[in-house]
Amino acid sequence: MDNLTLFIIIPLLTIFGILFCRDHKQVKIVSAIGMSLQLINAGILITMFLLQRAAGNTDMMLFVKDVVWYPSLNIHYFVGVDGISVAMIGLTSIVIFAGIFASWEVKDLSKEFFISLIFLSSGVFGFFISLDLFTLFLFYEVAVIPMYLLIGIWGTGPRHYSAMKLTLMLMGGSALILVGLLGLYFHSNPSGGPLTFSIPAISLVHIPPDVQRFFFPFLFVGFGVLGALFPFHTWSPDGHASAPTAVSMLHAGVLMKLGGYGCFRVAVFLLPDAAHQLAWIFIILTTISVIYGAFGAIWQKDLKYINAYSSVSHCGLVLFAILMFNKTAMNGAILQMISHGIMTALFFALIGMIYGRTHTRYINEMGGLMKVMPFLAVCYVIAGLASLGLPGFSGFVAEMTIFVGAFQHNDVFHRVVTVIAVSSIVVTAVYILRVVGMLLLGRIKNDHYLEITDAKWYEKLSTGVLIFSITAIGLAPLWLSELINNGLGPIIDRLLVVAH
Amino acid sequence: MLIMRHELLLVIITVILLLVEIFLPDNRKHTIILPSILLFFIVTVLGFIPGPTGELFGGMYATTPLILTMKNILNLGVLIIFIQSVNWLKKIENKGKIGEYYLILLSTLIGMDYMISSGDFLMFYLGLELATIPLATLAAWERFKEKSAEAGVKLIFTSALSSGILLYGISMIYGTTGSVYFREVMGAFNATPLQVLAFIFFFAGMAFKIAIVPFHLWIADVYEGSPINITSYLSVISKGAAVFILMIILYTVFYKIALLWRDVLYVTSILTMTIGNLFAIRQRNIKRFLAFSSIAQAGFILLGLIGQSQLGMTTVIYFVLVYIFSNLGAFGVAGIISNVTGKESIDDYDGLYRTNPLLSLTMMLALFSLAGIPPVAGFFGKFFLFTAAAQKGLYLLVIIGVLNTIISLYYYLLVVKAMFLNTSDQPIAYFRSDAYSRIGLLMCVAGIVIIGFASPVYEFILSLSHGLY
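As they're listed, the protein sequences go chains A and B.
Position one of the first sequence corresponds to residue 1 (our numbering), numbered consecutively onward.
Position one of the second sequence corresponds to residue 501 (our numbering), numbered consecutively onward.
Hints may be right or wrong, so weigh each one.
Stated by the list, open to error - Subject to a maximum C-alpha distance of 27 angstroms in a straight line, what follows is the list of computed DSSO-like cross-link-like pairs (lysine-lysine):
id: 1; chain 1: B; residue 1: Lys597; chain 2: B; residue 2: Lys654
id: 2; chain 1: B; residue 1: Lys645; chain 2: B; residue 2: Lys590
id: 3; chain 1: A; residue 1: Lys111; chain 2: B; residue 2: Lys917
id: 4; chain 1: B; residue 1: Lys917; chain 2: A; residue 2: Lys107
id: 5; chain 1: B; residue 1: Lys917; chain 2: A; residue 2: Lys165
id: 6; chain 1: B; residue 1: Lys843; chain 2: B; residue 2: Lys892
id: 7; chain 1: A; residue 1: Lys25; chain 2: A; residue 2: Lys456
I should point out that these hints are in silico values taken from the structure, not numbers from a laboratory.
Could you put the whole structure together from the sequences, leaning on the hints where they help?
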């Protein structure tokens with residue numbers, strides 16, 4: 001069994017194990033063991049990857065495994081990783097690990113909850129390792145559909161509505177992707193040979209620009225829906241607000257990155273001409289996402305809505321950076337995906353923990369929580385500071401890189417949008433500091449908050465892992481940057497060839 | 501002899517069952533259930549043994565490995581239906597009608613087999629009538645209920661009407677080509693206006709059988725009025741067989757006017773998908789709901805026919821196979837619930853998961869498969885159908901198709917929502933379904949889960965499907 005397939009096998013085995021659990025406690029333990037193994041596996045993968053690179057292996061994709069699945073249609077089970085996928089796998093395993101511990105107190109239908117959650121994660125892992133568009137698409141939908149049950153059954157607020165909206169919008173996105181994929185497939189071999197779904201193979205083909213222009217919007221918008229591209233972001237605030245803690249974490253932390261990764265790996269990488277020609281439209285849309293998300297967050301009173309809008313803003317920045325087509329900005333895009341993934345997961349975990357204690361998510365009903373639960377409060381401040389891009393945390397590194405990259409374009413259009421996008425940082429500071437002030441400082445507004453206890457061990461574990469990752473990336477971004485650059489090389493080369 | 505083995509075996513067991521049924525005393529009629537299933541199981545298994553293929557009666561009857569596969573697929577579906585209907589047949593009000601059920605279903609199946617194997621229009625028509633008329637008696641099973649009687653009458657009227665239209669078309673073909681043999685018609689076909697008109701009549705007749713919009717209106721009332729097991733037979737087996745023969749005739753007889761029928765199919769496919777889907781959203785009765793969803797599925801099947809390629813043909817057969825398992829899974833669960841509780845409304849399914857988790861999970865899998873959600877088989881079927889359409893560059897059709905899958909996902913999710921998300925003061929209480937129902941559902945679930953991953957199934961059908969188009 002190769003290392004990459006293990007990323008799908010481990011979740012499936014964990015699910016199988018959960019089926020035989022008799023009570024809530026066993027379910028939790030089996031899930032925790034499974035996802036710890038997954039985390040270890042991710043660690044091993046990163047190490048092995050770095051060792052291979054250090055040993056001078058310069059193949060674009062490492063640990064490649066290629067098994068023919070449907071010979072007549074040339075569909076393969078084709079997996080492999082480059083630096084970017086490795087980084088994303090690392091992110092996913094951290095978030096799902098923290099997510100298991102953040103949902104330690106799910107009691108209602110806990111078996112089904114953990115099965116759906118882990119099944120979803122297997123879709124995400126599968127997506128990141130796939131090099132074949134068919135399996136990539138399959139895993140994409142596997143990652144989306146359990147959301148319906150997760151939000152609908154264990155969610156809060158208008159959960160039925162949110163679940164349906166989210167599922168239909170994301171599946172609508174995947175419908176567009178399907179059209180784009182078929183377009184790629186039938187133009188993957190202009191010389192008339194066998195067609196292919198393989199990403200590396202298609203990347204060597206030059207698809208006629210008018211064909212590219214037709215299919216690029218399908219792919220970019222399709223993946224963009226998941227990446228909260230304006231105006232297709234509306235599922236995100238409702239969905240995140242209604243979802244249970246671990247699902248919000250996984251969804252904002254990882255699933256939205258599927259969108260960014262897909263835009264990057266499929267839309268931009270495989271259709272570079274169209275990407276260059278149509279970039280301006282999407283740059284405008286992503287700039288709107290960035291600003292709109294940030295301003296949206298200011299007006300919200302519900303903690304989850306604040307964070308959901310802030311995710312729209314941050315994920316908009318990812319797509320924005322991808323469309324800048326230079327190494328610095330793209331590096332920043334990947335860094336931002338990872339940084340935002342961990343940070344937002346931390347946010348949602350904390351919100352879930354706070355909600356579990358105060359039974360409200362409205363910031364004007366809370367206050368002075370710093371005094372009653374110092375540990376969680378400090379964590380919240382850390383998450384907030386990381387989110388507004390304080391040096392020393394991952395958010396700073398990512399956003400700085402993106403804006404430096406974006407500013408390298410010296411035409412008016414790029415300058416203007418960059419300046420607009422940069423201004424979102426200020427707005428971010430406004431809503432983060434406002435929340436921190438109202439939530440944690442000041443006087444305690446409700447007497448029974450005095451009885452609140454601080455974090456339990458599993459909550460500390462969950463937040464601890466995430467905080468460690470944020471600071472590690474913030475303090476030593478170079479190794480991650482190196483990892484990403486490694487994977488970016490061939491992609492940038494391809495984009496630059498087209499540009500000139 | 502061996503060339504016709506599917507039909508002959510069916511005739512043999514039908515005769516055996518008929519004789520046994522006659523000589524059984526009245527109070528022991530129900531003992532025929534198990535032998536019927538076992539005999540049919542043996543027939544199904546025997547059908548899979550490779551044997552000779554070829555033509556009989558001067559080309560009236562023809563069979564190829566591909567046609568044998570189609571028959572095997574239908575047999576599989578009927579086997580599942582037989583197993584699923586045991587519980588219902590054992591009910592007290594069905595006493596004395598058990599034998600009829602098996603005999604009539606088997607004779608319609610014989611009709612379908614002859615229809616698929618036909619090499620000329622006479623044989624085709626004979627098979628078609630044998631496959632439809634007896635069904636009307638089954639639709640009117642509970643003959644003292646108004647709805648059931650209505651279903652029977654509607655079915656017989658619409659099929660008579662559609663047969664009339666169909667025959668009119670066939671008569672024009674005979675008049676212009678001087679033959680009813682497919683092969684000779686194909687040679688003499690020169691796309692004169694009269695022949696085009698003949699095609700239109702022929703297609704309209706078939707459209708009634710498959711329930712393609714705008715010839716679909718009979719379906720909802722008939723489905724609702726019939727007992728669930730008959731409904732599932734109508735929606736899966738009848739429809740599947742009609743799709744098979746439509747495909748064969750389009751690809752052979754009407755080969756020369758492919759450009760024309762492609763346009764016709766293009767338009768009807770869009771209409772069928774869209775209207776089927778939009779009407780399905782509003783249905784609260786599970787049978788009507790599945791009726792409209794099956795109309796929409798027929799629209800997707802047409803998508804594959806348009807491809808007119810090896811890929812399209814394989815995919816249509818593959819999709820029908822997947823559709824049989826998925827739809828029978830959904831009908832099976834609905835049937836069990838209807839048998840035990842008499843409830844057939846989606847609103848009654850509220851909170852079903854908490855009381856009957858396995859049934860709900862089966863239903864969910866089946867619905868997801870119908871909606872085309874991975875990793876179940878329906879995803880592969882839909883994906884390949886779209887691939888077949890995209891192969892011809894029909895991207896607009898693909899876009900309309902994928903948007904329709906989203907609409908269909910919405911109403912499938914409504915049922916999932918009722919079962920998993922909603923709560924109810926009076927949910928359907930926990931019950932243990934009998935062994936037969938379990939086996940039936942297990943077969944469906946196995947099919948739904950395995951067929952997609954098992955690429956050899958697809959590759960096998962592909963390896964046979966050449967030379968027809």
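We went through each hint and held it up to the structure:
1. B/Lys597 with B/Lys654: Answer holds: B/Lys597 to B/Lys654 is near 22 angstroms, not above 27 angstroms.
2. B/Lys645 with B/Lys590: The given pair, whose Cα atoms are some 19 angstroms apart, holds under the 27 angstroms limit.
3. A/Lys111 with B/Lys917: holds (19 angstroms)
4. B/Lys917 with A/Lys107: holds (20 angstroms)
5. B/Lys917 with A/Lys165: Given pair B/Lys917, A/Lys165 holds - Cα atoms ~13 angstroms apart, limit 27 angstroms.
6. B/Lys843 with B/Lys892: violated (45 angstroms)
7. A/Lys25 with A/Lys456: Holds - the C-alpha atoms of A/Lys456 and A/Lys25 are around 16 angstroms apart, at most 27 angstroms.
Comparing the model with each earlier hint shows a violation of hint 6 alone; every other hint is respected.
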